Structure formats: C-alpha cells, structure tokens
Amino acid sequence: MNHCGRIQNVSTRRALLQRAGGGIGMLALNSLLNQNSIGSQNNSINPLASKKPHHKAKAKNVIWLFINGGPSHVDTWDYKPGLVKADGQKLDGFDKTTGFFDNAVGPLLKSPFEFKQHGQSGMWASSLFPNLSKHVDKMAFIKSFHTQSNNHSPALFMANTGVTRMSHPCVGSWVTYGLGSENENLPAFVVMSDPLNRGLPKGHAANWSSGFLPGAYQGTWVRSKGEPIPNLRRIGELSDQQQRAQLDLIGKLNNEHQKKYPEDKELTARIRSFELAYRMQQEAPECFEVDSEPEHIKNLYGLNEKRCSHFARQCLMARRMVERGVRFVQIYSGGMENQRSWDGHGDIKKNHSQFAGETDQPIAGLLSDLEQRGLLKDTLVIWGGEFGRLPVSQLSGGKPTGRDHNPHAGCYWFAGGGSKGGTSYGETDEIGHKAAVDKVEIHDIHATILHLLGMEHKKLTYLHSGRRFRLTDVSGNVINDIVA
Amino acid sequence: MKESYLKIFFLLSLCLNVHGNQNDHAKNMTMSKELFRNEIKTLFDSQCLKCHGGDKTKSSFDLSSRQGLIAGGDQGIAVIPGNAKESPLINYLRHSEEPFMPPKEDKMQESSIKLIEKWIDLGAAYDSPLVERSNGEKAPMKVTDEDRSYWAYSPIKTSFGNKNNLDDFIKSKEVATPRVLGRRLHFDLIGLPPDPDNLDDFVNNYSSKNYKALIDGLLSNPKFGEKWARHWLDVARFGESHGFEQDYDRKFAFHYRDFVIRSFNSDMPYNEFTKWQIAGDELAPDDPMAMMATGFLGAGVFPTQITISEAERIRYDAMDDMLGTMGTAMLATTIACARCHDHKYDPIPTADYYNMLSAFTTTVRSDVDIDLASMNPKDNESLRKKVNDVRSKLKNYETNDLKKSFEKWHSNLKKDNLITKAKSPWSILVPEQIKSKGGAKFLKQDDGSYLVTGNNANFDTYTFTAKNSLEKISAILIEALKDDSMVKGGPGRASNGNIALSDFKITADGKTLKLINPRATFEQTNLPISAAIDDNPKSAWALDPKFGKDHSAMFDISNDSNSKKGDQLEIKLHFNNNHKHNIGRFRISVTDKEASTLSIKNLNSGPEKIVKEIQDAITSNSGKFDKSNIEKILTLYKTLDGHWNKLTSELKELESKQKKEIAKVMICSSGNKVKPMRHHTSSGSIPDFYKQTYFLNRGDVRQKGEVASLGFLQVLSRGTEIKSKGRTAIAEWITDVNNGAGHLLARVIVNRIWQHYFGIGIVSTPNDFGFQGEKPNHPELLDWLALELIENGWSLKHIHRLILESKAYQSPREPRRLEAEAIRDNALVVSGLLDETMYGPGTLKESMNRRSIYFFIKRSKLVPIMQLFDWPDSLSSMGKRSVTTTPSQALSFINDPNIRRMAVAFAARLKNSDDPVTLGYRIAFGRKPTRIELQTGINFLKAQTDSYSGNKEKALTNYCGALMSSNEFIYIE
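Residue numbers (my numbering), protein chains in the order written: chain A, 1 to 484; chain H, 485 to 1457.
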C-alpha cells in the first residue's frame, strides 16, 4: 500500500548508492518535474506528436506478448532440480491461502515437461517450446519476478498499470504519452485479445486504459472480426472523390471560421486532424492486410497450422505494425480464466501444452522475422503474465495435476530492443516457490521498459488530483544487468 | 537489485577520500559545526524546519537532525556532505531545479544560500538536533492554527469594501454580440443549441431585461439539470458497473444520476445536496431523493471476485474510495493521501483519515425497494385528485354529519342497553361447547369471554363449537384479555404471562374457512400474528413484553370460502410453540361487515370500551353532550360509525394505490440494515464489512493499531462537537459554516461553477485546494461568491445568476470546444432526432436518440464516441476534463454510421427549402451564411448533386455532414 510519493524502506545501502552515484544520480534527479520535453501535460493540441526521449533510446517499439492467466515459471523457463527431488512431498509451513483455492492444496509436483539447455548461452527451456528454445540467445530472462496479488484482475492491473486497483494508466498509455507516435496514420498503442471467443483478460479494457491520462493514450483494441479499427472505412454512399470534396468543404468552412481567430492553435490542430484522418483511412487498412504477406513468411509464423494460426496472424500483424511505426503492441495469449487461458488449475500439463502449442511457433517466427528485417534491435519483445504458479500441486478430482496462482514468483523474458540476450537475472528458491535472489517487481520491469525506450521512469509524470503520478509509483529500478 | 560496479567504485572512492584526510576532516567538521550554531540553525529554523521535521515532515525530508538531512526524502538525496556543488538542495534553494524551496515564496537571499553551501562543503555538521525527540522517530504531525490560516481552510472574508456585485471585482468593458450571447447561454446552461427563431427574437429584441429573462427561462428549463448534472457526475466518478473481473452491471445505479438532475433543477440547497449524498439514508430515510443520493458513496468500483487473503484490504479500499471521493469532490482535499502516512503536503494527519474512515465502517451498497411515488406528482395527478376528493368528503362528513349520526346512534343506544350487540360490528360467539385437550376448565364471564383454569398443559388445544347466526362471516376476531388471576395479568398462562398461539383454525360444517390478512394489536419480535395461520405447527403469535393488557387479532375470511346462517362452526386454538403458553382469558367474535370497514385500531380498545368511554364522557358532563365534550365524543364515536369507516377505508385504499411506485434503487446504507451486495470467492466466507475500523500502520491491514473513533479533519474543525453518529456527523460537519468545513465546501462548489463558465476556475485545480494545488487567482472574488452562496440559502441557481449577469461573462471570448455530451446532443437537435425523454435506465446503444447523459456507463465498455471526446474514465473523481484533438475524432465525424444517420436526418429538414444553405446555417450555427459561405455551399451542392447523377438528397447529406464536422459546430464563442 503505497501510493503517495514516499520511498519505501529507504535502506542506508540504497541511500548511499544514490549518493555515491554522484553525477549519474544527479541526472535522474535533475529536472525531475521538468515537463518541457516529453510527457508534457499541455499537449492536447496534438497529443500523439512524436517527442524526444530523455536519453538516447535503444528501442523504438514494444511488442508485449501477454501470457495471460499466469504462466507457470517452473514449467516453462525456470528449471528447478530441487522440485524434481521433492516431488510428491508435502511443503511444510505452506500458507494455503497463497493461491486461489485454499481447499485443494496437494503435494509438491515436479514439472511434467523435460528441461534442456539451449543455445550458446546454455539457457534452460522446457519441452513446451521446441521453436522458441532455439532463440534463447536473444532472450534476457528475469526469473525472480513477484507481484502483490494472487487474483487475476488485480495482478493484471498490477502488471499493466503498476497498481492492483483500477484507475491508473497502463504502460502502453504512459509510453505513448511520453513519446507520442511515429506514424500518425496509425494508432500509437494497439491491443489484440484472444480471437477464439474465450473472452477478454480479467478486468477487460481496464488493462489498456489510459486511466487519468487523456483518452488519446488509450490502447486501441483491434477487433478480430470485421473492421479492425472503428470508422476506418468510408461511408458506402461516398466515393473517394466525393469524400475528398466533402473534406475540402470542411477545410473551407474552417478556414473561413478561423479568420476571426487566426492565433487559435486548437482550431488549427482540428483542421489538420481531418487531413490526418483522411490519410489514416487511406493507409491504415493496408497495415492489417496480413494475407498479402508471402507464403514463406506465413509459414514462418505458423499461419497455416491450425492450432496456432490465430496467434500467428496476430504476431504477424504486430510485426507489420511496428514496421510502420506503431509504438506499443500488446497481444494477449488466452482469454479469461481456467482452461481458456494459461490458468492451469486442473491439469497443468494439458493446459500449458495447449497454450504453448498455440504460441511457440508464432513467437519464434516473430523473433526470426524481426531479426531478418533488422527490426529486432529497435523492437523490444516481452514475454510474461500477471503471476507464476505454485510448485505445490492443485488437486483436481483428488489428483495432483494442477497448479494454483503464485504471487511470489514468476518469470519474464525480454528480447531485442537493447536487451541483453542470453542472460538471466534473479532466482527463485530451490523449488520455485518464492523469488529469492535479486527480486524483481513489476515497477522494475516497467522502469526497464521505459529506460530502453529512452525515458527516465522518475521523470515521466502526470499531475492528477493534486499529485504527480508516475508509472512506477514510488518504486522501480532499471534492471541494468539485462540491458545490453 | 544488484549494484552496478560503477556505483561500487564511487562508493569506495568516496570512503577512501574521507578516511584519507582525517585531520582536515575533523577541522572542517568543527568549523561546520560552528557555522551551524551561528548561522545555519537560524536559517533552518525560520525557513525550513516547519515543514521538514518540525510540525510536518513534507516529502519525508527531515532536516531536524544530520541523520535526516543526509538520508534525504522522496526526491532522493538532498545533501552530500562535503560537496555542495552536487547537493540538489542548493539547486532547490536557488530555484534552478524543482521543487523550488521554500515553495511558493521568494528565494532565500543569495548570501544565506552561500552560507549553506559553505556549511555543506565543510561537512554539514550539527551541534545538536533542531528538535528533541527519542529514537530518531519522526514527530507526529501537529495541526496548528497557522495551518488553519491557509487560504482554503480559513474562514471566508465577510467584508469586501465597496464591492457588492461581480462587476466590482472584475472590470470588463466589451460585451459580445447578442447573437453570440444567446447561443453561449444555451450551450452553457442547457448544453443544447437555441431554436433559430427564438434566437432571432432574442437578437431583435435585445435588452438587459430580455437577457435576464432568457437566463431565468433556461435556469428553469429541465434540460438545465441534464447539462449540469453531468459535471457533478464527473466529480462523483459515477459509473454503472462494478469494474474489475466481471464488471457486472449495476442496473439500479441510474437513480443517483436522476437524483443529481432533479436536485439541480429544483435548486436543492447545496448543503442539503451534500448531506444527503453522505448520509441521506440516515437523515431522511423516508424521502426517496435522500436514499437515491447515497448512490454517491457507492458509485466507485467494487471487485466482485476476491480471495480470502485480499478481503480485508479490499474492504479498506472500498471505504477509502468513499471517503477519498467525498474529500476530493466536496472539499477539493486529498484526504486519501493520508492513508499510509501523514499527508505529504497538507495538514492532514493519518489519524484524521482513520477517524473519518470509521464513519463508513458498515456502509455497503444495496439494491432496495423504494417508493418513488412522491417524486412523480405529474404522473399521479388523477389519482391524487381522487385522494383529495375523498379526503374532503371525509372532512365534510366529520364537520357536518358526524354529530347528527352520533345523536341518532346515541338515542338508539339509550333504548337498547345491549350496546355491544347493537352497534359493534362484531357478534360475540356463544359456544355450544368448549373443550381442552390438556384438561383445562373454562369459566364464562359477564362480557362473553372465558377464563381458563384447571390444568395448564405443556401444549394444549382448545376446541370451540358454535352455531353461525349471521348471513355470512367476513372476518373473525380473537381477543386475548388480561386478568388478575394470571402472572403479570396475563393474558397467557405461561410463567411470564405470555401466550403463544401457534395455530388458529375455523371450519363451517366441516369445511375449512380460509383466513387471510392477519393483523394484531401487538406482535412479539419474530412471533407475528401471521404465524398463527401459516402451516407451520411450531411458529406462533406471542406478546412479550406487553403483559397485563388486552390484545386482539383479526383475520378476514377469504371470499372463496363461505359460511351461511346455521352452519356448525368449529374453532381450534393450538398452543404448540412453547411450554404452558396457553391463553388464560379469551373471547371470539365474528362479523358480516365488509372487512375493509374494520380496522385493528378500534380493536385496540374494543367497541364496548369505546361505548363506555363515550358514556363516561357524557356522565361526567352531567349527562349532556355539548361544546365542552363533543369533540372528544366524536373522536371516540367515529370509529363506530359505518359511513365514516367506509370513507376512511376508501381513502386508505386510494393512498395505498398512490404508493405503488416501488422501484429498485441502488443505495448505500449500513450493512446491519440492508442486504449488502456481495463479493464472491472460491471458498470460505468473506465478510461484507468488518465490525470496526482500525488505525493501520502504513495502510497495511496486517499492521493494526487502535480502533478508530469518529472524528473530522482537525484543520477544518474549530472546537467542533460531535453531536451525531456515523455519516450523519460527517454530513453535519462538512456543511457546518461555524465550526466545520462549510466555508471550504462553499468555495469548492462556486469554483466549479465558475470553471464551467470560464473554462478555468478561480482556483485552476478544482479537485485540489491543498498545498499542491494552485492558489486562487482572485481570492476575494472566490470568497464573495462563497458567501453569497451561504447567505442565499445555498442556492446554486443564485450563483449561476450572479455569474451570468456579470459583464465578465458577457465579454467576447475565444471559442471553446463543447464537451462530448454537448457535441453529440447538438448533432441530435440539429438533425431533429433528439428524444427528450428524461430519467430512467440508460443504454449502451450508440444509436440512442436521448441525450448523452442517458448512456449507460459500463466501465469496461465505455461508449466509444463519448470516450473519443474525452469522457472521464469514471474510476476516480475528475474535476476537469482534458480536451484533445485527434484524427480518430475526425474519422468519426466523416465515417461513423451514427453521425451519418444524423446528417441524413438533418438533410431531410433542408430538402424542401428553396435556400437549403441558409436554412442549414441557421439550424447548425444560429446565423445566416456570409456571401462567400452561401456561394461555397451552393457550388458544393451543385457539384455533388451532379456527381450523384442528380440525387440532391445525398449531396445535401454530405453537405450537412460537413456542417456538423466544422469547427464552428463544436467550438462555441
């Protein structure tokens, strides 16, 4: 519970470090409240105009693959030999209210998947990822993630906005508020959710809400059917020429009107917005035309594989977007809860096999494709969800086959965008129950995302109801070890 | 976090540095200490300490000791001993880096800053801490009189020199044209455009009298409430779904929105408006408006699926949302910032937070049935007329006829002394036989009742048989009568004098008569009279604690069961509920009178008792009835009068019809009184609220302190007494202009009104009047308006008038963009599609033609067109909307099917005109086109018509679409 600007647990060590940091620390503190460059609150005239970052950016764009429902770290990337040894044992002193179901706690359960080391870096990956495991040298793992809630929506809000409650802007909104858009013909921040009728992530649109930031920074939710973005298609009754004539008329009326107020920037901006709208209408649909991609690219993503074609399509669309300058793309894997997302309460093997199967090849394809186009260096790809899962089993029909939510541990990886491939940061305890070494909270991940994008997380602020808010609240440290 | 090697290097080098020059170091420290004693101490004491370690520890920075100075605060390190150049404090003091210190004041003198620099370079030594305290703990925040003198917390100025109207405060010379003013007034007051003809009239007959008349007209237009309510809904973070996981709809939350509209239209005094939103359920539970008002407290989000480990924190979150929103909305004070620690900037100790929070301990949301009839007098006009008719008939009868009727009755009474038989509607049943299963004996009494003696069985049944002597039986009466032979006078034989009649049954010639409509003179808690005719043999009617009194109960006999004259009646009284709770003296009567003419009221005393009282009243007046006793006699008599009873029951029936507008309403009230809306969870049960509210250390429910007890913000209390309980006390304090927060309450609302007229408030941070907010740019004016509000019965319309009639308001101004609602509503009016239906449930359908305030606010599915034009997120209080301009907005104007639909309708209004361009301009902009505009329009229409091979309507639609897309349409001067 901390939301009013106090630094928590200021240890002497940290205080000393800040002090010792001297010049470096000063940079961060300098013009902490200076709003002149980015994140200016007075940018209503053109909220999405491109802005200069605080420092040289390593990444221009972000694709966040949101592994929704709580992916199990001990079954994916966090190999735990200790858990194999302890398989079947009771975990002494375990707090039954850690997960969601306090009445179905079973013994410790080793991963049903086989782990192997991969690549030059020798990073571990489970057999869930036959394709992605080939890319571990591009990945910077965070294996000590932990969060504040054991419940989906608060944990989702935490991952996206930095607080467990509704009301704060999400990271995509903060990023577009800070940097604006690179391509005004496309939305700056795009969200794609499960297209297979398995629902939206818990908490729905609040996960891509701009909160108290202006609505222009809201994530644009791309519909999986019909028109991807509203109002992009010209009214049927108008030909392009007829609409052009209509727009010209609007321009004339507005110019006539503005003679009285030649200095009014808002009016000027609105005149311009119609021209931008026209261009957007001309150019944006092309961005969504995934089918125009050559066959070998489609195959690379697995677009023709039944089990993963939906996610492949979204990954490919994400590449087309970042290629065209969309700042922030978020794709949710899975819908709501239980068997509809990575929420493997009943049968972790079956559940994770299915969702890994839906995403392994598409994400691997995305990484390869970004790399071969030279886009990976500018594009930060993130894999991770709201929390990890418990090393103890959840009983399902009396059998120890599932895993419940675990707020104490989870894992993430970054690839590209200035992250340091083939590294791993932080550790969980021997059985993967709790983050233990170099613990990372979501604020650290957010701070690192902003850092790679060229922003100081402490400087990106917004004045609302008497307080200067920031994405990282009063916490957040850039994880320098995973920065290239 | 792993520290970087670079940082370690710095750390080491710093340490080496210090240790390497130990001699110099000691010398410097001595000099530094000396400097501190002579100079720095005074500087700190006078300029810094108050906020940083004295009464307050703002930004967590405490310079009262060297330890605190070096530790820094929320902004990080402030001072690096030995290195003034790198110490941010110096930059703050020089105002070269924010936060400037001291804040909102002039810089310290350069010579002083230089001294501090030197002192830091020498090592920033203290000779002793500036404040004595144990264990280096931070001092608890003290709220001082100086805090109370801050502009927002101090009492309103009451003298303004010679100034007595708004123009004395702001001098404005220029006045906008009547056309501009007419249009401006419409959009500002009702959020809709003027009718073009009315606007022309206004312009052609412009006078200051007509200007005022227009204001009056618009203020009394019900659309005024629809416009201004929306501003308050922003502040109240009003939404109609729970948010979080499932985002369930709150189907009955719209009543709160309707309450705000109605209140603004009726000019409900603002202090009452405020009180009711905080505690309407406690202050006026019978007033539907007061109940609807409490929707304010519950308008925020509410997680519905939670885990046990989160439950208590979530309850504190919910209370925080209520208190926090109240503070922000009503007092522009960020009370919620004191949840985890004393407020960083404002004088609000965390103790104040929890003391106030405790007022919300049991407050929960609930959907309850409320009778809204009194709110819709129009809809009920005919019924109300009938009620009034019968009421006046009754009154007539009482004044003119009742006395005659009494005299007639009285003369009959003299002839026939068997009064009970003569005029009571009841016939006492004379039994052929009474039997007791448990061996009791029955002794007949003079008044027709039976006294029970003999064995008092644990569970007895009395069986009573008699012949029916009436043509029919419409109701039956059982009286349980007192008698000195029983404990406490009875009427029961139990050890405390109680009865417990578990079942009462009657048959006529073996056929069961169905008993309905049970009523009794008294019912013991949980043991109602209805229990005597349910089919449960254990439930019963009982009378604790009303012993030693006569009681009666009656039942109507359902129309579908009948008994005729001569039938053999068998009545059974069962006592199966409690040991020995058998009736000790009873009487049973029946009647053939219309059941509706019988009321339990005259049972209270019994008809013969009334007759006796009447006789007594006459006897004591020497056998006469005259002026001195007639009133009393008639009051007694009327309950025995057939016609009076008929009229009374008719009136009652009509009144009961009148009350039949029962609606479900989402309110907030005590969870002890209403059924709380529930969370659901995996297993176990999660309380809806907890019995007590505790002080929490750092806002953490695992770190509980003492139980909090009701209190207010100290900085807004001047010897305030707590006179009431719970939220009522908060409501009284917040509106109290003598000792409470009333003055701030008034300042905040007049500032909000000002902001909506001028685009920016006198205080430009409408939700924060605290230290982090802006100061009023015209403090005197703010106080004058606030005082006007208070002195004029808290009438908001009075404030509207003051502003609207001022020259400042009438000045020319830059065009301002309409808000989302007004943009869409304007288009609906112009297209002729507006549906003016007020109130009731909203919808998510964008094709709705009602005003935009009637959109349903579902938090996960905000209406896209509204959101596009900066609708608030409805998650937290929004004092001022942002105004953005985006290509997506432009796309909606040219491509949104709903806007196209409006353009089609607009075009249809023009198609039969000889001069559609001029008509279009009058409708859309309230003016005629210029020559150029006219020609441009004509040219466009011609070219487009040609392009559509002569289809004029499509051309007109495109033209109308362009008019609605233009800046003039959504920017109002």
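Simulated from the structure, these hints should not be mistaken for laboratory data. Some clues are possibly wrong.
[As the list claims (entries may be wrong)] Derived pair list, reagent style DSSO-like, types lysine-lysine, alpha-carbon separation capped at 30 Å:
hint, chain 1, residue 1, chain 2, residue 2
1, H, Lys995, H, Lys921
2, H, Lys956, H, Lys1108
3, A, Lys252, H, Lys1056
4, A, Lys439, H, Lys591
5, H, Lys1175, A, Lys458
6, H, Lys892, H, Lys591
7, A, Lys265, H, Lys956
8, A, Lys252, H, Lys1395
9, H, Lys655, H, Lys626
10, A, Lys260, H, Lys1412
11, H, Lys1188, H, Lys1175
12, A, Lys458, H, Lys1077
13, A, Lys56, H, Lys1259
14, H, Lys1159, A, Lys259
15, H, Lys956, H, Lys972
16, H, Lys602, H, Lys591
17, H, Lys921, A, Lys52
18, H, Lys1345, A, Lys225
19, H, Lys1436, A, Lys252
20, H, Lys1159, H, Lys1130
21, H, Lys1426, A, Lys458
22, H, Lys1412, A, Lys252
23, A, Lys259, H, Lys1345
24, H, Lys919, H, Lys1130
Nothing here was measured: the structure is a model prediction, and the numbers come from that model.
Cross-check of the supplied hints:
{"no.": "1", "hint": "Lys995/H to Lys921/H", "in the structure": "22 Å, holds"}
{"no.": "2", "hint": "Lys956/H to Lys1108/H", "in the structure": "38 Å, violated"}
{"no.": "3", "hint": "Lys252/A to Lys1056/H", "in the structure": "94 Å, violated"}
{"no.": "4", "hint": "Lys439/A to Lys591/H", "in the structure": "43 Å, violated"}
{"no.": "5", "hint": "Lys1175/H to Lys458/A", "in the structure": "40 Å, violated"}
{"no.": "6", "hint": "Lys892/H to Lys591/H", "in the structure": "98 Å, violated"}
{"no.": "7", "hint": "Lys265/A to Lys956/H", "in the structure": "89 Å, violated"}
{"no.": "8", "hint": "Lys252/A to Lys1395/H", "in the structure": "23 Å, holds"}
{"no.": "9", "hint": "Lys655/H to Lys626/H", "in the structure": "42 Å, violated"}
{"no.": "10", "hint": "Lys260/A to Lys1412/H", "in the structure": "16 Å, holds"}
{"no.": "11", "hint": "Lys1188/H to Lys1175/H", "in the structure": "14 Å, holds"}
{"no.": "12", "hint": "Lys458/A to Lys1077/H", "in the structure": "84 Å, violated"}
{"no.": "13", "hint": "Lys56/A to Lys1259/H", "in the structure": "38 Å, violated"}
{"no.": "14", "hint": "Lys1159/H to Lys259/A", "in the structure": "62 Å, violated"}
{"no.": "15", "hint": "Lys956/H to Lys972/H", "in the structure": "38 Å, violated"}
{"no.": "16", "hint": "Lys602/H to Lys591/H", "in the structure": "18 Å, holds"}
{"no.": "17", "hint": "Lys921/H to Lys52/A", "in the structure": "98 Å, violated"}
{"no.": "18", "hint": "Lys1345/H to Lys225/A", "in the structure": "18 Å, holds"}
{"no.": "19", "hint": "Lys1436/H to Lys252/A", "in the structure": "21 Å, holds"}
{"no.": "20", "hint": "Lys1159/H to Lys1130/H", "in the structure": "39 Å, violated"}
{"no.": "21", "hint": "Lys1426/H to Lys458/A", "in the structure": "59 Å, violated"}
{"no.": "22", "hint": "Lys1412/H to Lys252/A", "in the structure": "17 Å, holds"}
{"no.": "23", "hint": "Lys259/A to Lys1345/H", "in the structure": "40 Å, violated"}
{"no.": "24", "hint": "Lys919/H to Lys1130/H", "in the structure": "38 Å, violated"}
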